[in-house]
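Starting from the known structure of chain U, fit chains D, R and S onto it as the hints suggest.
Number of protein chains: 4
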Amino acid sequence: MDDHGKLLTPEDFRKAAKRVLERSAYDYFASGADGQKLRKRNRKAWDAIEIRHRVLVDVSDVDTSTEVLGFKLPFPAMIAPMAYQRLARDAGELATVRAAFATHVPMIVSTMATVTLEAIAEATPAPKWFQLYCHRDRGITEDLIRRAEAAGYLALVVTVDAPVLGRRLADERNNFDLPEGMTRANLVRYVGAAPGGGPDEPGTVGGHAGPPLQGSELADLFRTRQDASLTWKDIDWFRSLTKLPIVLKGIVRGDDAKRAADAGCAGVIVSNHGGRQLDASIPSARALPEVVAAVDGHIPVLVDGGIEWGADILRSLALGAKAVLIGRPVLWGLAVAGEAGVRNVLEIYKEDFQRAMQLAGCASIADIDSDLLTIS
Amino acid sequence: MDDHGKLLTPEDFRKAAKRVLERSAYDYFASGADGQKLRKRNRKAWDAIEIRHRVLVDVSDVDTSTEVLGFKLPFPAMIAPMAYQRLARDAGELATVRAAFATHVPMIVSTMATVTLEAIAEATPAPKWFQLYCHRDRGITEDLIRRAEAAGYLALVVTVDAPVLGRRLADERNNFDLPEGMTRANLVRYVGAAPGGGPDEPGTVGGHAGPPLQGSELADLFRTRQDASLTWKDIDWFRSLTKLPIVLKGIVRGDDAKRAADAGCAGVIVSNHGGRQLDASIPSARALPEVVAAVDGHIPVLVDGGIEWGADILRSLALGAKAVLIGRPVLWGLAVAGEAGVRNVLEIYKEDFQRAMQLAGCASIADIDSDLLTIS
Amino acid sequence: MDDHGKLLTPEDFRKAAKRVLERSAYDYFASGADGQKLRKRNRKAWDAIEIRHRVLVDVSDVDTSTEVLGFKLPFPAMIAPMAYQRLARDAGELATVRAAFATHVPMIVSTMATVTLEAIAEATPAPKWFQLYCHRDRGITEDLIRRAEAAGYLALVVTVDAPVLGRRLADERNNFDLPEGMTRANLVRYVGAAPGGGPDEPGTVGGHAGPPLQGSELADLFRTRQDASLTWKDIDWFRSLTKLPIVLKGIVRGDDAKRAADAGCAGVIVSNHGGRQLDASIPSARALPEVVAAVDGHIPVLVDGGIEWGADILRSLALGAKAVLIGRPVLWGLAVAGEAGVRNVLEIYKEDFQRAMQLAGCASIADIDSDLLTIS
Amino acid sequence: MDDHGKLLTPEDFRKAAKRVLERSAYDYFASGADGQKLRKRNRKAWDAIEIRHRVLVDVSDVDTSTEVLGFKLPFPAMIAPMAYQRLARDAGELATVRAAFATHVPMIVSTMATVTLEAIAEATPAPKWFQLYCHRDRGITEDLIRRAEAAGYLALVVTVDAPVLGRRLADERNNFDLPEGMTRANLVRYVGAAPGGGPDEPGTVGGHAGPPLQGSELADLFRTRQDASLTWKDIDWFRSLTKLPIVLKGIVRGDDAKRAADAGCAGVIVSNHGGRQLDASIPSARALPEVVAAVDGHIPVLVDGGIEWGADILRSLALGAKAVLIGRPVLWGLAVAGEAGVRNVLEIYKEDFQRAMQLAGCASIADIDSDLLTIS
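One line per chain: the protein sequences are U, D, R and S, in this order.
First residue of the first sequence? That's 1 in our numbering, and the numbers climb one at a time after it.
First residue of the second sequence? That's 1 in our numbering, and the numbers climb one at a time after it.
First residue of the third sequence? That's 1 in our numbering, and the numbers climb one at a time after it.
First residue of the fourth sequence? That's 1 in our numbering, and the numbers climb one at a time after it.
Isolated chain U (complex conformation) (with noise of 0.2 Å):
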C-alpha cells in the first residue's frame, strides 16, 4: 500500500477500511442504530467542549501514562469490547491482541469474538479484559466467566445496554450474517443448549423455531438467547462467581452509576454503545458530567462514543474520565493493515493525545481537570 504512510487519522483509516472490505462487513462495523443520528450528536457533543489551553507550562516531558483498576495504561485508552473482527481481516482478534500487546495498550475482548477468548490470551502476554453477554442459560454464562479467569482474563466488561440489540438499518438490507467458516467462536461449544439452540453450523447459532423474526440474523441470535431480564441481582451473582473486577458498560446516569458504585462494581463505562442500540440516547460527552458527579470519585468512570482525536481524550479526563475506549477506528486499522495497522492507529492516538497534552498546557495527567474547560 503505496499510501500507507498517508494515513494520518483515524478518518483516513475509516475511508481506507471502506475501500478493502466487503460492504456489508463494513456496514457492521459503521452503523448506527436506526436514523444513525446519535453517531453525530456524540461527535457534536465533543466538539462543542471547548479547552482553554494553559501557557508556559514544562511540557518538554509529559508523561501520558495513567492507571485504571490497577492496570498501567501508557495513556489513557483501551480498546473496545468488538465482535466478529476476523470480518475485518483473517487474523482478527489475534492481530488486535498483538497490537495491544506491542502498544501496552489493553483490550477487551468480546463475548462475540470470532476467535476464542482462551486463543486470544494465548497468543500474547499482554493484559486483557473479557466483554460479557448475559446468555438466558445461565449455565452458559457461568462457563463464560469460568473461562475467562481461567484464560488469565483481569477484569469483567458487563455490557448493560443491550438487552436486546439496536436495530441497525443496514444490516437487514444486507442480511448481514457471518460468512461461511467464520464463528462467534467462544460460543460454538453451547449450540444447542439454549433456547432456540439448533445444530452447531460455521456462522449461525441455531436456528429458531417460530415465526420468521424480522431483522437481522444477530438481532435473532440477541432475541433467542440474550438474557433481557438481567437486573441488578444479576450483577451480585456475577460477584458471588468471581473475584474479577466488574465493569459495567452502557450508563448514562447518575442514579445507575452510583447504584453500580453500590453494588460493588469496580467501575463504570458511560457509553451509548457507538450509537449503535438506542439512537436517542444521549451523547456520551453530554452524560459524563452526571455519571462522574454521582460516583464521586468511588470508583473509576470510562467513556467511549466518537473518540476520534487526542483532544477528545483531553476533554474526557478535564470531566472527570479515567480513561476512554477506542472503538471503530481500531477495526479500520485491521482491515487496512491487520497488527501493524491497530498499532498504527493506537500510535496516532497516543501522539496525538499527548500534542493535545502539551498544547493544552498539561505535562501529567494530573493537570487535566475540568478548569481547562469552558463553562457553558
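Please note that a few of the clues may not be correct.
Identical chains blur together in the list; that is why a pair holds if it fits in one copy or across any two.
Unchecked claim - Cross-link-like lysine-lysine pairs, in silico, DSBU-like; alpha carbons within 30 Å at most: (1) LYS258 - LYS233; (2) LYS40 - LYS243; (3) LYS233 - LYS18; (4) LYS44 - LYS15; (5) LYS37 - LYS243; (6) LYS243 - LYS72.
None of these hints come from the bench; they were simulated from the model.
Leaving out everything else, chains D, R and S in the frame of chain U:
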C-alpha cells in the same frame, strides 16, 4: 414488489409511496403550509430530546399496551384522522380500517373521508373515533354527529386548529382537486344545502358565487363551508348533542388545554396539524410540556407531528402524553401496499417502540417518565 | 406571462424578477452589505419566534385594519422607501404609488426616487410619507422638506442608519450606476450646488474632484453629498422647519428610541436597512423588544427586515410593533408586472396575514400580544 | 491582472492567492490543525456578536487611530507574525514591510522569516516588533533578542501557544518543506549548534538522528529545536535580558493573562494561532472577555483569529481589545501582488473598519464599548 421486505422505516415507505403516487396526491399528503418549516422543526424538536436510558431493568417481558379514554391500545398510538385516503389507494379508508382492526390500533376517521363513515364502520368491528369539522350549517354538523353515533364511533375528535385552511402551496400549484369519481363521501348528501352549495358533482362540493377565490379547491371548500366562528360555546353545544367523549385536536397552549378540561372535554391532542396549518406555530414536542402541566392529569393528552421512530413515542410519553397519533406514514403504507402496507407500518412502529422501551430500561408504560429525559 | 397566477409568494416574485431584471439592477435591489449575513440572520430571527396559536376563537370576521399616526392601514404594513424604482420597471414609483392607492397601503417615497416626489403625489390621492436623506447642503434638505409638504406628503421618515453607505460588493463588481435616461429625479435640480457637484447629467450627480474613490457610484454620491454629521440637533431643526410628524428609520436600540420619543419624534422604525448597511448589526426581530420596551407605548414602533410571511407581521405585532414595512418584494412585483404586480404582492401579504391571524386565533389586531409567543 | 481592482475583500484575495500559489504553499498558509474546526469556530464566534448600532452621531470626521504600547496605529490593527513569506512572493517579508511602512501598520516579524530580521529592518524605517520562538539552545534565543534590539525592533512578541507544533495534516500529506534556495534566514547561522543540528543546507535545519519522525519537516524542526520547557521563569529571564516590552501571544485564559501582567509583560495577544495549534481550543472571540476582565486594564489586550471584516475589529474593541492582528489576508495580498497587494489588503481593512465605526455610530475609538453589543 420485490423489495417490499426492505421497507424498514416510515421514511422507506414515504420514498416508495412517492414513486407510486400521482405527484398531486403525494404533494397533497406530504406538504406542509407556507414555507414548510414546521415539518422540519417538529422533527428537530423531537431529536433535541435526549433519553437517559436506564440499565439492568428486566425488559424480557415488556408490556407496551395502554389505555386512552377506556380504550385499550396495543401500544400508545392511534391512526391520525386524514382526508382523502382513496387518493393513496383505491380501497382508501376501508383498507386502513382493516389494518386498524388487524393490529388493534384505533383509527380516527376524517370528516373528509372518501368512503362514508358508515361503510368504514361496517367494514370491521374495530374501535373507531370520528373526526369532526364543524360546518356553517349546524344541521349538517349535527347530522354528522348523529351518523357517527349510529355507526358506533366511540369518540368525537373536534379539530380546532383549522378555522380556515392552511396554505399548501403545492396544492395551489397543482390545481389540486379530487379526481373524477372520488368524493368527500360523508358530505355528498349535503351538497346544495349550505352557503355556496351547488349541484352535487363528483369531486366537488358545489361552485361558489362571486369573484374567483385564490388557493386550492380544498381551501375554497373550507372558506365556503367550514365554520370559522367555532368557539367554546360550540363545544358546549356538541356536549349537549352527544354522550360521546369529545377530544379537541390542535391544542398547543396550556390555557386552551385547561379550558378544554373545564369544558368537559375528554382529552386534548397537542398538534399543529403536521405543519399544515400555521407554519409559524410551535413544534409539538415543545408545546407538549405546557399542555401536560396545565391539564394536570385531569384529562389525557395525546400528541402528533413528526412521530417517526419508536423513540419519539417514548419521548412523548416521558413528556406526559398518553399516546401519539401516526399520520402520513399510514398513508405511505396505504399507497404502497394497501391494508398490508398500513399493517406493516403500524407493526414497525410497535416493534420500534417496544425496542425503545427495552433499550431505555422501561418494562411497562408506567416506567416512562420525565426522569428519562435530559433537562435542558 | 402564462404562469403569473402561480406567483404565490414573495419568493416566487423574487425568482421571477431575477429572470426579467438586468443583473446589475437585480443585484442592486437584492444585495446586502459586506458578507450578506444579516439578510439571513434577519430571516432566522423571525423563524425562531414560535407562535402558540389559540383555538376556538371566532375568526369568521377578522379585522386586519389598524392605525399608525392617525393613518388607516388595511393591514399593518406600509411600502418601505426604496430608491431607483424605474430600474425595476419603466413606470417606476408611479406604478408603485398606483398600487398603493388601489390597495390603500401607504407608500413611503424615497429621496432617491427616479420620479419626482411631485409627480408621484399627483399620480394618485393615496396617502404618502416622504423618506428624507439629509444633504450636506442644508438648503437642499430644507427645500426637499418644503416640497414634500407642498406635495401633500403626510409624514417625514428620516433615515438614520446611513450616515455613509453600506458596502454592497455586487454593486462595486457591477460598476453599478443609473442607466442613461434615468435620474435621481428629486435631486436633479440641485446638481452643481453642493460640494463635489458638477454638471447635471442623467444618471449622475456630478463628478468629483480629487483621487478616484473606491466603491460604487452610489457610495460616491453618499460620500460627497450626504451628511454624515447628522445628529439629534438636526432632528430639532427638522421639527422647527415642519409640522409633519417625523419618524426615524434605522433604530435598533432602546436608548436611541427613547431619545427619539423625547425629541418629539412621532415614531421609530426598527431597521437594519434590510441588511444593506452594517452587516454585523442585530437582526430586527431581536432588536424590536428592546425598542418597544424603551418607548413604552409613547410612540409607535414599526419594523422591517426580512418580513416574508403573514406570520412575520403577526410576530412583529406580538412583539409590540404597530406595523411592518415591506421592501424588496414590492420591487419584485413591480419588476414582474408593474402596478398589477405590486398590488398582487400586497394582496398576498394581506391575505397571508389575515390567515395567520385566523390560524393563531386572533380576531382583531388588539388580540395580538406577546402571550402568543414562546418565551425562550 | 485585469480584475485586480475587483479584489474587494480578504476572501477575494484568498481565492486569487490560491490560484497563483503552489498547492503546498497555499496549504501551509491556509491550513488549521487537525480537523480544522477552530478556523470555522473562530469565524462563527465573531458572527455571533451582534452590534446594536447607534444613530445620529456625527461621524463625518471619524478618527480610527489608536495607540498600543506607545505606538501609533492608523487603525487598531497590526500585521501578525507569519513564517516563510517568500513562499508567497519572492520579495517575501521585504514586500510586507514596505507595505507596512506605506500604510503605517506595524509589522510583527517572525523568527521563521525567510529574510533576515536585519534585512527587513534595513528595508524601511517602519516600526516593527519581533516575534520570538524560544530555542532549546538559550544562547541562540539570547542572540536573537540581541539582534532584534540591534536592528531597532521595538517590542518582543513571545509565542506561548506553540511548545510543540500543531498538526497540520495538509503539510504532512504534501511533505511540505521550504523549497531549494529558501531558508529560515534568521536561523541559518545557528545550524549545527543545536541538538539534532546538522549541516547547514538551504531549506532545512539539519537532519536528525534516531528513528524517522512523523509529521512535517516543520514539526521536526519544532521537536528538535524549539523549547517545550518554556515557563514563566523564562519570561523573567527575557525581561532580565532586554528592556524591550514583552508581549505574550497565544493567551486564552484570564489567569494566564493576569500572570502575564504580574510578570511585567507589556501586553497579551488572545490567540489560538489562527486555529493552527490545538483545534479544540476556544475561539478567540469567546476567550477575549475573560482575558480583558482579568487584566482589568493594566496591560493592553490584542486579539487575532478570523478577523475578516472591519466589523470584527469593532467587535474586538467593543469586547475590550486594543487592536487586532491581521494574518493570512496579508499573505494573500502578498501572493497576489506583492507590496501593492499587502497595501491593498490593509487599506481594505482600514476603510472597512472606518465604515463600520460610522455605521455603528462611533466617531472615535473611545466610543467603542461593550454597550454596542448584545448581551447573550
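TODO: Check each numbered hint against the structure and report the violated ones by number, ascending.
DONE: Hints 2, 3 and 5 are the ones this structure does not satisfy, whereas the remaining hints hold.
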